[in-house]
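Dock chain B against chain A, hints included.
2 protein chains.
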Amino acid sequence: MDCNQQVSAIVQQAKACCVVMRQLGSATKSGVLLEVARQIRSRGDFIQQENRKDLEFGRSKGLSPALLERLELTPKRIEEMATGVEEIVALPDPVGEVTRMWRRPNGMQVGRMRVPLGVIAIIYESRPNVTIDAASLCFKSGNVSVLRGGSEAAHSNEALISVFRRACVAKGVPAEVVSSLGTTERDAVQALLKMDAYVDVVIPRGGKSLIRNVMENSTIPVIKHYEGICHLFVDRAADLEMALRLTVNAKVQRPGTCNALETLLVHREVAAEFLPKVCDALTQAGVQMLGCEETRSICPQVKSATEEDWSTEYLDLILSIRVVRDFDEAVAHIEKYGSHHTDTIVTRDWETAHRFVQQVDSSSVMVNVSTRFSDGFQYGLGAEIGISTDKLHARGPMGLEELTTQKFIVFGNGQERT
Amino acid sequence: MDCNQQVSAIVQQAKACCVVMRQLGSATKSGVLLEVARQIRSRGDFIQQENRKDLEFGRSKGLSPALLERLELTPKRIEEMATGVEEIVALPDPVGEVTRMWRRPNGMQVGRMRVPLGVIAIIYESRPNVTIDAASLCFKSGNVSVLRGGSEAAHSNEALISVFRRACVAKGVPAEVVSSLGTTERDAVQALLKMDAYVDVVIPRGGKSLIRNVMENSTIPVIKHYEGICHLFVDRAADLEMALRLTVNAKVQRPGTCNALETLLVHREVAAEFLPKVCDALTQAGVQMLGCEETRSICPQVKSATEEDWSTEYLDLILSIRVVRDFDEAVAHIEKYGSHHTDTIVTRDWETAHRFVQQVDSSSVMVNVSTRFSDGFQYGLGAEIGISTDKLHARGPMGLEELTTQKFIVFGNGQERT
Numbered sequence: 001m002d003c004n005q006q007v008s009a010i011v012q013q014a015k016a017c018c019v020v021m022r023q024l025g026s027a028t029k030s031g032v033l034l035e036v037a038r039q040i041r042s043r044g045d046f047i048q049q050e051n052r053k054d055l056e057f058g059r060s061k062g063l064s065p066a067l068l069e070r071l072e073l074t075p076k077r078i079e080e081m082a083t084g085v086e087e088i089v090a091l092p093d094p095v096g097e098v099t100r101m102w103r104r105p106n107g108m109q110v111g112r113m114r115v116p117l118g119v120i121a122i123i124y125e126s127r128p129n130v131t132i133d134a135a136s137l138c139f140k141s142g143n144v145s146v147l148r149g150g151s152e153a154a155h156s157n158e159a160l161i162s163v164f165r166r167a168c169v170a171k172g173v174p175a176e177v178v179s180s181l182g183t184t185e186r187d188a189v190q191a192l193l194k195m196d197a198y199v200d201v202v203i204p205r206g207g208k209s210l211i212r213n214v215m216e217n218s219t220i221p222v223i224k225h226y227e228g229i230c231h232l233f234v235d236r237a238a239d240l241e242m243a244l245r246l247t248v249n250a251k252v253q254r255p256g257t258c259n260a261l262e263t264l265l266v267h268r269e270v271a272a273e274f275l276p277k278v279c280d281a282l283t284q285a286g287v288q289m290l291g292c293e294e295t296r297s298i299c300p301q302v303k304s305a306t307e308e309d310w311s312t313e314y315l316d317l318i319l320s321i322r323v324v325r326d327f328d329e330a331v332a333h334i335e336k337y338g339s340h341h342t343d344t345i346v347t348r349d350w351e352t353a354h355r356f357v358q359q360v361d362s363s364s365v366m367v368n369v370s371t372r373f374s375d376g377f378q379y380g381l382g383a384e385i386g387i388s389t390d391k392l393h394a395r396g397p398m399g400l401e402e403l404t405t406q407k408f409i410v411f412g413n414g415q416e417r418t
Numbered sequence: 001m002d003c004n005q006q007v008s009a010i011v012q013q014a015k016a017c018c019v020v021m022r023q024l025g026s027a028t029k030s031g032v033l034l035e036v037a038r039q040i041r042s043r044g045d046f047i048q049q050e051n052r053k054d055l056e057f058g059r060s061k062g063l064s065p066a067l068l069e070r071l072e073l074t075p076k077r078i079e080e081m082a083t084g085v086e087e088i089v090a091l092p093d094p095v096g097e098v099t100r101m102w103r104r105p106n107g108m109q110v111g112r113m114r115v116p117l118g119v120i121a122i123i124y125e126s127r128p129n130v131t132i133d134a135a136s137l138c139f140k141s142g143n144v145s146v147l148r149g150g151s152e153a154a155h156s157n158e159a160l161i162s163v164f165r166r167a168c169v170a171k172g173v174p175a176e177v178v179s180s181l182g183t184t185e186r187d188a189v190q191a192l193l194k195m196d197a198y199v200d201v202v203i204p205r206g207g208k209s210l211i212r213n214v215m216e217n218s219t220i221p222v223i224k225h226y227e228g229i230c231h232l233f234v235d236r237a238a239d240l241e242m243a244l245r246l247t248v249n250a251k252v253q254r255p256g257t258c259n260a261l262e263t264l265l266v267h268r269e270v271a272a273e274f275l276p277k278v279c280d281a282l283t284q285a286g287v288q289m290l291g292c293e294e295t296r297s298i299c300p301q302v303k304s305a306t307e308e309d310w311s312t313e314y315l316d317l318i319l320s321i322r323v324v325r326d327f328d329e330a331v332a333h334i335e336k337y338g339s340h341h342t343d344t345i346v347t348r349d350w351e352t353a354h355r356f357v358q359q360v361d362s363s364s365v366m367v368n369v370s371t372r373f374s375d376g377f378q379y380g381l382g383a384e385i386g387i388s389t390d391k392l393h394a395r396g397p398m399g400l401e402e403l404t405t406q407k408f409i410v411f412g413n414g415q416e417r418t
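Heads up: the sequence lines are chains A and B, in that order.
Note that this note's numbering has the first sequence beginning at 1, numbered continuously upward.
Note that this note's numbering has the second sequence beginning at 1, numbered continuously upward.
Here chain A stands alone, though its shape is the one from the complex (with noise of 0.2 Å):
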């Protein structure tokens, strides 16, 4: 069988159990999760197993202790993995919620009804734990899951995916409600990308190649997670000192998300005032800064940013800054460099703030927070398949509801169309 057929015969398959499930209920859907956390906790050591020969060879090709510890399954994070399939299982079920009805003038009945999307492809170069999440994610939201993680992380992954069918089996579900792609044929992804008639979406995670090869590979729909190049911008009327604060939390707490904070982007008549005081704490907090001539000329320690990097994402320790001169120029600068992820604005004056959140076309935009607060548990969704980057469909961060589609539904007794 060659690599197209194989594809193909996974994504059948697949296609196959949505009839099954689409008409399980919330209570088996349960049932399989809990079976799925416990059978995590008693298959540990199969995990750690399988999760030593991916961390074996990541060393021999010469995989960085960063990524190295990244892709570990320590017995915390197979503990983690198992409590978070548990909190999926305490979400509400979004299938069969009917999220509006209405009544028409001839009597008929109108409504739209949440259903499961069908396929999902998911296609992410991330930690194992993403395997796990997805797969419970989808699962809950009655859609079946084709995966194909990162070749670093094969084993470990396929691992975890054995555990998920085998439960689903001992509940009576069949295994294919979850699929592995494999990892090893590069052909495979390019195959799957045209089973239109099999897959519903195909969702990628990752960075520019992979996300440009799905963009241009897929006649299935594709709701990206690309980067974030977030802003804050520092307006005249700011507090500056939660201008500071924000500042600094948005770009340290955590830079390696997609939602950390990028560029800063500060009002001329605060520059001399603010620029010393942030410079000074984010050079302690580590954080290392490129920015615009105006910006050196305050802060002479700052090196200088070159065009491109006002469209870098760092996810890193590093910072570019920019003075502007007005809120239009902000706004502007915005617009033309940013990934439309998360941008955010400090502000006490109330007309700048209501301009800013009409004006920014981002998937956040936020007044006086960090932008690390893009987030799905953050905003109270739940749970998260990850970050969207697309406007179509989803936009921002993705929960169980974001998994479903909903289908119109009528009611009658009898009416013709006249």
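If you are wondering where the hints come from, they were derived from the structure by calculation, not from laboratory data.
Errors might be hidden in some of the hints.
No copy is singled out in the list; a pair is fine if it fits within one copy or between any two copies.
As the list claims (entries may be wrong) - Within a straight-line C-alpha distance of at most 30 Å, the following computed DSS-like cross-link-like pairs (lysine-lysine) qualify:
{"hint": "1", "residue 1": "LYS336", "residue 2": "LYS15"}
{"hint": "2", "residue 1": "LYS194", "residue 2": "LYS208"}
{"hint": "3", "residue 1": "LYS336", "residue 2": "LYS61"}
{"hint": "4", "residue 1": "LYS208", "residue 2": "LYS53"}
{"hint": "5", "residue 1": "LYS336", "residue 2": "LYS194"}
{"hint": "6", "residue 1": "LYS76", "residue 2": "LYS277"}
{"hint": "7", "residue 1": "LYS277", "residue 2": "LYS194"}
{"hint": "8", "residue 1": "LYS303", "residue 2": "LYS336"}
{"hint": "9", "residue 1": "LYS277", "residue 2": "LYS53"}
{"hint": "10", "residue 1": "LYS336", "residue 2": "LYS171"}
None of the values given here were measured: they were computed from a predicted structure.
Same frame as chain A, now just chain B:
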């Protein structure tokens, strides 16, 4: 300038207008649309003159009288276009609506606000009135549109777009908020489909080859408007008189639409009683029938259906008929051969109706009404850009709300993430 550069220039100008469009208030947008309606009326002669060029070209190419009739812009149709724009003015503006807002434990408020999608490209093969409908709906929802109509209506479409743009300019809004991609260059569509940096969504409305081309070549998110292979299932507990009325209505009232009935499924227990009556009524209405062997054993006048017939959208006075063993076979038939557009059941049994609504995965699932109601106006959505056959973002009739996306808005007073 080659074709690629031309298209690139058009979509870049369109993108640049998004900032302006985002900030237009409802009153300004209504003013522009009322001016569009006024100019459609006052420039009716010009519109008709350009339309005659298409009609002459169509005649010379040997277009059928039915197609020429569809293409013609009579004074009555021009007046209907103007009235249609005025009806869109009267609809509520979706932009800026905060659909939900909640408070988090740290005091931060999180909400979702409707905002325009951005630049919408629409590729269609339809009557020229779609040009004005589509441009008006996109404009009302704060979007910039790039339109590509069929070549047979090229002059009419260009004339209508020029009228729309003159009305914009007369009200101080840039003409580029509505653009034509032209129709002569076939390569223009191929170039457009790669302009993901400037176009936010592409909506293809038309036949299989158009849709397939867009799916296979677009790097831009796509919302398809594709075929409707709609079913009516006559359950054993059906009110047979109602089933007969709804079958005839769904097939005959306007057979050329995507929500017209294509396949009638009849429960075996009522087939002997129902089929002769419905076949008589359909014959009287001029419908040609193609059936399974069991149907033909009851109604010998019905011709034999091929396997292909079950997945054919006739868009004509032709109906395929199949006797099914039971409810499950009916649902399995719809799953296998349907296009997940609109499917209805006729039954008096509550449990059966309930199961149909749960198990059939179509954009509209109905009980005891005609499939012909699957339509934005009939559902009370006010207007529709079309009927999406996709699951992501918009499923079924797409109104103004589906031409928007929702961004998160977050208001705080200095919250940091810990």
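Status of each hint after checking the structure:
1. LYS336 <-> LYS15: between (41 Å within a copy, 12 Å between copies)
2. LYS194 <-> LYS208: both (20 Å within a copy, 17 Å between copies)
3. LYS336 <-> LYS61: Neither. Shortest intra-copy (39 Å) and inter-copy (48 Å) distances fail the 30 Å Cα cut-off.
4. LYS208 <-> LYS53: within (28 Å within a copy, 48 Å between copies)
5. LYS336 <-> LYS194: For LYS336 and LYS194, only the inter-copy Cα distance (20 Å) is at most 30 Å; the intra-copy one is 33 Å.
6. LYS76 <-> LYS277: neither (40 Å within a copy, 70 Å between copies)
7. LYS277 <-> LYS194: Answer is neither; intra-copy 54 Å and inter-copy 46 Å both fail.
8. LYS303 <-> LYS336: within (22 Å within a copy, 63 Å between copies)
9. LYS277 <-> LYS53: neither (48 Å within a copy, 70 Å between copies)
10. LYS336 <-> LYS171: Cα proximity of LYS336 and LYS171: across copies only (28 Å, versus 52 Å in one copy).
When the structure is compared with the earlier hints, violations turn up for hints 3, 6, 7 and 9 and for no others.
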